[in-house]
Structure formats: structure tokens, C-alpha cells
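Chain residues, written in single-letter form:
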Amino acid sequence: MNSPSQRNYLMDQTQAPLFEALREFRKRRMVSFDVPGHKQGRGNKELTAFLGKDCLSVDVNAMKMLDSLIHPTGVIDQAQKLAADAFGADKSFFMVNGTTSAVQAMILSSCSPGDKIIMPRNVHRSAINALILSRAIPVYVNPSVNQALGIPLGMALEDVAAAIGEHPDAKAILVNNPTYYGVCADLVSIVKLAHDAGMRVLVDEAHGTHFYFSDALPVSGMDAGADMCAVSLHKTGGSLTQSSLLLLGPRMREECGYVRQIINLTQTTSASYLLMSSLDITRRTLVQDGFSIYRRVIEFADYARSEINQIGGYDAFGTEKCDGGAFFAFDLCKLPVHTRAMGLSGVEVYDLLRDDYDIQIEFGDLHNFLAILSVGDRPVGIERLIAALADIRLRYGGEAATDLINEYIKPSVAVTPAEAFYAPAESLPMADCEGRIASESVMCYPPGIPIVAPGERVTAEALEYIRYAKEKGSTMTGTEDPQVEHLYVMLE
Amino acid sequence: MELWFNEFQSADSKFSFRVRRQLFSRYSDFQHIQVLDTYEFGRVLVMDGFIMTSEKDEFIYHEMVTHVPLAVHPQVRKALIIGGGDGGTLRELCRYPDIEDIVMVEIDPLVVEVSRKYLPTLAVSFDDPRVTILHEDGLRYVRRCHDMFDLIIVDSTDPFGPGESLFTREFYSNCKHALKADGILVNQHEGPYYREDAEEASAIHRKTSSIFAHARVYQAHIPTYPAGHWLFGFMSDSWDPVADLDRERWEARGLETRYYNPDLHRGAFLLPTYVRRLLEEGEILDDVFVRAKDRDEDPEVDDHE
Chain A
1 MNSPSQRNYL MDQTQAPLFE ALREFRKRRM VSFDVPGHKQ GRGNKELTAF LGKDCLSVDV
61 NAMKMLDSLI HPTGVIDQAQ KLAADAFGAD KSFFMVNGTT SAVQAMILSS CSPGDKIIMP
121 RNVHRSAINA LILSRAIPVY VNPSVNQALG IPLGMALEDV AAAIGEHPDA KAILVNNPTY
181 YGVCADLVSI VKLAHDAGMR VLVDEAHGTH FYFSDALPVS GMDAGADMCA VSLHKTGGSL
241 TQSSLLLLGP RMREECGYVR QIINLTQTTS ASYLLMSSLD ITRRTLVQDG FSIYRRVIEF
301 ADYARSEINQ IGGYDAFGTE KCDGGAFFAF DLCKLPVHTR AMGLSGVEVY DLLRDDYDIQ
361 IEFGDLHNFL AILSVGDRPV GIERLIAALA DIRLRYGGEA ATDLINEYIK PSVAVTPAEA
421 FYAPAESLPM ADCEGRIASE SVMCYPPGIP IVAPGERVTA EALEYIRYAK EKGSTMTGTE
481 DPQVEHLYVM LE
Chain B
1 MELWFNEFQS ADSKFSFRVR RQLFSRYSDF QHIQVLDTYE FGRVLVMDGF IMTSEKDEFI
61 YHEMVTHVPL AVHPQVRKAL IIGGGDGGTL RELCRYPDIE DIVMVEIDPL VVEVSRKYLP
121 TLAVSFDDPR VTILHEDGLR YVRRCHDMFD LIIVDSTDPF GPGESLFTRE FYSNCKHALK
181 ADGILVNQHE GPYYREDAEE ASAIHRKTSS IFAHARVYQA HIPTYPAGHW LFGFMSDSWD
241 PVADLDRERW EARGLETRYY NPDLHRGAFL LPTYVRRLLE EGEILDDVFV RAKDRDEDPE
301 VDDHE
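Residue numbers (my numbering), protein chains in the order written: chain A, 1 to 492; chain B, 1 to 305.
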């Protein structure tokens, strides 16, 4: 296994073929009698004034010189090959419907209806939704929980081994690398266990782009030998929102065509060239400058951790919590902070930062909040965050909270997500749902990890969590009911 | 050849003066710094294209940020300047012999260097034994201080550049903790006339008045600043800037000034109605004034000469 800085690029990574083709296209001043109808912005003046002429002039349709994402043979094919090379993958696909579509493509191309897939329960809603689409059967591994922080960790190796032993017919294992909080499991060992048992390893790397461009960070999915990775280049890499990569490892070589068919089941046939060119440009930037960029990001985050910990009342935790097991490694670019010692919930700090200080962080849960650092951060922003936290402590800090509620609710699985989702159902007030089987999800968003997922029996513990999270001001979603007061449950 | 410097005071209006020659131009780690020798204003310090100060009218700004709080607070012993790299505020503070300690936190060392070399009438107090000059982030410095200063003066650039963090709630609030209980915070408060400045002035006032018992705004006429009209903020939990003005004590000091005097002190807090509305209700002049370009139809045009 190579470390990222020793990766030998096989292609000339200074190229950006899709970007260059778009520049060439712009120079040719083509007359378009195709879609999109705004025709390089001329047909929508207000939008052009807002987004800029340069932007609209390359918002174009697939054509010969610009290739086509549904069947790439030209510059998109080249750009995808360069991305695969950059990330140490055998093959890459540009995704324009978010990492959600990449996660769904991984599961749909690995599991047919009725196939089993091993996964931690603290996955993003996109994975649960993929189970509905694929009609796969989840085998949940309960993630370990750090009791002091109240957060779910990665999967412990012995739990993965046990799940494989009990379900040797499972087709794949899905791993978060890292979790939202920046926690990584022992991915290399999980890959070995899975491959020995003939199972694929699918890695949700929505928050792991930077792992490919630093030796100081946890191992990336491709470097660990995983088979498929969903990499959210837009989250920490700098490409446009909604653009993402699906990477395939060498064991998937024969499956590339099938994976593309799966992607094309749901992906748009009018893929945005703004999104795709942002992937091409970002890939080149990251290869050229990623290592120095993420070195600086890690310095910022380490500085912030040390300053925040000096304020008192906050625990900006990190690698010191690593235990060789379920908290195997930590993503240094994440800045999760535990707030319980000063009696505030993470959501409350999250709200104060936004409302009083104009500082938007990623999310707050009951006892922690999370700031994400990435390519775009600068010292002034870090200083503002630290100063605001110091001020919040002085204004609102109090006694340590004693009512620790775990972020992880152990699920009680009754039927598969697909069965529950498609079954006849009735809508009941949340409080009356205890013991019933949910046919939809409830979650705080962010982070978007279902508290109750379709097919699970609604427990008293889950209801208490939902009540408490609402009281603390978390944004809830997942249900058909926009107020999240009613839940659809299966008819009995 | 005639050389003219233009500053866009808003997107659609500019302020302009003739330049004899450019004496200095360099990019520091933080900003573009220029010194221009001009016919009308003497040497002018320009940062990122905006006039910071001129030899001819700098006295107005620097007197107004120092003498106003010092005529109110009876015993300023320890003072902090955030920014102020040209040295003008420091020069005025150093005229008070009973101030024992002055810390100046200027993020950009090049500003001080340039001032020493090109603005000798401002840079007279950098070597005063009471002065400590630090080159670091102002917000970072302030948040580490508790109960330390009698007076903090924020002599900063605009909020669109290295001074950005000095216009935030976290900055004002950390200043309050850095001040002693009866301390005073004075800041440059942007201008009331052009939209961008006015929106910022309104935002500053909203933030400071939620933090300090007294958050009062006063004004001065500064020819080289946008619209020639600039605002300052006076914040304190203990002192009212007008009721607690101690005229006799200040006059007994025998300080000679060119703009400030105790009568003007009172008058400076009397604001035009549109400025009051801006501060109290957030009403921006542009929103109530129908601009020519927004009129529905032109009157009959008669421009045949």
C-alpha cells in the first residue's frame, strides 16, 4: 500500500481536457440551435447578470467536441481517466447528482433484490434510500459508541468479523470513511476480512476527498484496497456543489460497463458542464497543490483545536481519542467540539454562531458541533470562530450537562427498508408510533443519519431522542409530514 | 502629464485629486500600500485603493478618536490601539502624560515602516517608551485579554479587507471583556451616506448597542473620506459621552488641537435626522431617495446646444 505522496501518476496530470475543450468551445462562438434554451445566456439576461456571462457561456449540452457523460469517448472519458489516475483508482465516473448518486450506484451495482449487505447503522440517508431502490437486505453492525462524547464511531473489527460469519452470503460491506465526526474504522483490515470472504468493500467517502492528498490523514478507500468509493469532491476538495466521483478498484475491472449502466438508470442525460468542468479543474489543482493545501488546512485545524481547548468548557477532540478499535483513526481536517461540559448543546452553539456571529458551521447535535475545514479556509475565519466560541462561553456557559443522550439509537429491525417503504401504511402522531414499524425515516439534517429508518420498529428510546432533539432546535426531516409530527407506519 | 488618483466612493461616484508623484507602492502580505505626493492634500496613504489618511486632514480623524474618550474617562492608564499603523492615533494618545502603557496591535508591519519613512508628521511616537507595538491579528490579541484596558481605540481599515474581523460581534464582545468595567471602546464607524458604508454603519451600531450600555455615534467632517462625512462609535458600560464630559479637567490639560474642542464634543453627538434613522431603524438613504436611473420615464429631453 502506497502513501498518497508516493503515488506514481501514470498520466500527464497537468492536462485538464474537459476544461480545455470548453475554453476552445467558447472561442469558436458557435451558433446554437440546440438546448439549453438560454443559448449562452443571451435568452436570460437577469440570470446572466447574476451568474456571469463566462459561466452561462459554458452551460451547454453534450456535443461532439465536448463528449457526453452517458457514453463518454472523448474529453470526458479522458478527464475521468485522469481522475482515476489521480485518486489511485482503476476507473472513475463523474457524478453530477451528488455523492448520493455515487452511494446508490455502489449499492445498486453490488446487490440485486434480496441480496444482503453489511453496513453500520450510522450511514447517511442516501445509503438507506439505496436499500429501498435495490431491495437489498441490510445487515446492520452496531457502531461502537464513545460514551463520554455520545457519538457513534466506526465499526469494530470483531463486529465486522462476526457479521461476516453470521451472513457469509452477504455481497458487500459498506464503510464510512470517515464518519461525519471524522472517525475512521480500521479500513485496511476490514478490506482483508471482506475480500477473504468474497465480499466487496464499498466506501462512503463523502467526507474523505482530502485523504487522497495527505500522508498525515487516515488511509483512503482506494489505498486500502476497497472496490468502490464514493468521493464527494465538492465537500472538501473545492469543486461545485453536487459534483462527485465514483471510483472503482482493480477488482472491478470487468464490472465497469455494468456500473455505468446502473449509473445511467437514474443519472441525468443532460449532465451539467459546469459541474463536470469543476471536477476536471479541481482534480488538476489537487494533484498539483493538494498536499500543501491540506498541510495548511491541518495546521489551521490543529491551531483551532488547541486554542478552543484553552477557552475552557469545550473539548475539541481529535487523535487522542483513537483507541486502535472502532476509533481507529481521526480526520484532522474535521473540527468536532464537545460542548456538554459547559451545559450547552451542540445545536445551541450552532444556532448562536449563525444568528449572533454570522458564522455557519456544518452541524450541531445534542452534545457536539462540527466545523469542517477545507481548501477555502483562511486565518481570519479561524480567528473569528475561536473568538466567537470564547464569547459564547462567557455569555452562556454554565454547569456541565448531566442528561447525556447518546447520538446512536440501536435499531430494532423488523423488515427490509424496501418492504416497509412500499407496504400499505398509515400516518400517526409520532407519540403513538411506539412499537410500530416505520415506513419512512426520521432524522436530523445535518447530519442526515436516520434515527428511525423504514422497516424498523419505533422504540421508546428513538421517540425520546426525537423529542429532545426537537426541543434543542435541531432541524428534523425525512417524513412526508413537513412538521415531522406524524410518521407513516406499516398497517398492522 | 497630469496624474490623477481616483477613489470610487461608491460604484457610481468617485473622488479625485491630482498627484505630483507616487512615492511608494508595494503589496504586503495583507494589502496594497501606496504613498502619493499630492498638490491638495500633501502625502496621502492609500491602501487597496482607498484613502486612509492625508497629511492635510489627518488631524480631524486622529483628534476625534482620542480626545473624545479622554475628555470623558477620568483616568486612562492603559490603552490599546487596534490598527493605527500610520501612527496618528498613537501621536495624540502620547500627548497625555498620565497614560502609562499603550499597546498598538497593527497586523501589517509594512504600514508602520512606510509611515516612519514617508509620514514623519504622524510617525512621531512609535519610539515612546510607553508604547509596545505588536504585529498580529487584532481579534486574536483581544480575545486573550481580560479586564486590562481603560481605553480601546479601533483605528482600522474598512470591513472589506484585513480589517474584516474588527467589525464583528465577536470582536466587540471580546473588546468588552478586555476592557476594565469602566473602560471605553472607540471605533471608526464607517460613513452614513453611500449605501455600502451606511449598511456597515448600521450593522456596527446594531452589534455594539446589544453589547454596551452606552453605544453612541458621533461624527466629523473629513474631506478625503467618502462624502466628507464620517462616523465614530463611543461604547461604554459606565460613561455617557455627553453627560460625563469633564470640560474643565480636559481644558486644564492645555492641549492644543485643531479640530476638537469641548463645545464640538457635545455637538458631534448631535446627528442629522437621516443618520439617526440609519442607526435607529436601519433606513438607508438610497432606499428612500428615488435615483435618477430608477425613474419610470425621463422628462422631455432638451439637450440641443
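Hints should not be assumed to be uniformly reliable.
To be verified - Here are the computed distance ranges between Cβ atoms for each label pair: (1) B:E113 with A:E299: 52 to 60 Å; (2) B:R266 with A:A341: 25 to 33 Å; (3) A:K470 with B:D147: 33 to 41 Å; (4) A:E299 with B:D147: 27 to 35 Å; (5) A:A341 with B:S16: 51 to 59 Å; (6) B:D48 with A:Y258: 37 to 45 Å; (7) B:H32 with A:Q288: 22 to 30 Å; (8) B:H32 with A:R28: 31 to 39 Å; (9) B:E280 with A:Y422: 35 to 43 Å; (10) B:R26 with A:T241: 36 to 44 Å; (11) B:H32 with A:R295: 43 to 51 Å; (12) B:P74 with A:D289: 24 to 32 Å; (13) A:L394 with B:E100: 54 to 62 Å; (14) A:L394 with B:R266: 28 to 36 Å.
Just so you know, these hints were derived from the structure itself, not from any lab.
Glycine is no exception: its CB is placed at the ideal position from the N, C-alpha and C atoms.
Results of checking the hints against the structure:
1. B:E113 with A:E299: 52 to 60 Å: 27 Å, violated
2. B:R266 with A:A341: 25 to 33 Å: Violated, since R266 (chain B) and A341 (chain A) (Cβ atoms, about 49 Å apart) do not stay within the stated range.
3. A:K470 with B:D147: 33 to 41 Å: 40 Å, holds
4. A:E299 with B:D147: 27 to 35 Å: 31 Å, holds
5. A:A341 with B:S16: 51 to 59 Å: 58 Å, holds
6. B:D48 with A:Y258: 37 to 45 Å: 56 Å, violated
7. B:H32 with A:Q288: 22 to 30 Å: 27 Å, holds
8. B:H32 with A:R28: 31 to 39 Å: For H32 (chain B) and R28 (chain A) the Cβ distance comes to about 37 Å; the hint holds.
9. B:E280 with A:Y422: 35 to 43 Å: 59 Å, violated
10. B:R26 with A:T241: 36 to 44 Å: This hint holds: roughly 38 Å between Cβ atoms.
11. B:H32 with A:R295: 43 to 51 Å: 28 Å, violated
12. B:P74 with A:D289: 24 to 32 Å: 56 Å, violated
13. A:L394 with B:E100: 54 to 62 Å: 27 Å, violated
14. A:L394 with B:R266: 28 to 36 Å: Holds: the Cβ-Cβ distance is about 35 Å, inside 28 to 36 Å.
The structure is inconsistent with the numbered hints 1, 2, 6, 9, 11, 12, 13, although it conforms to all the rest.
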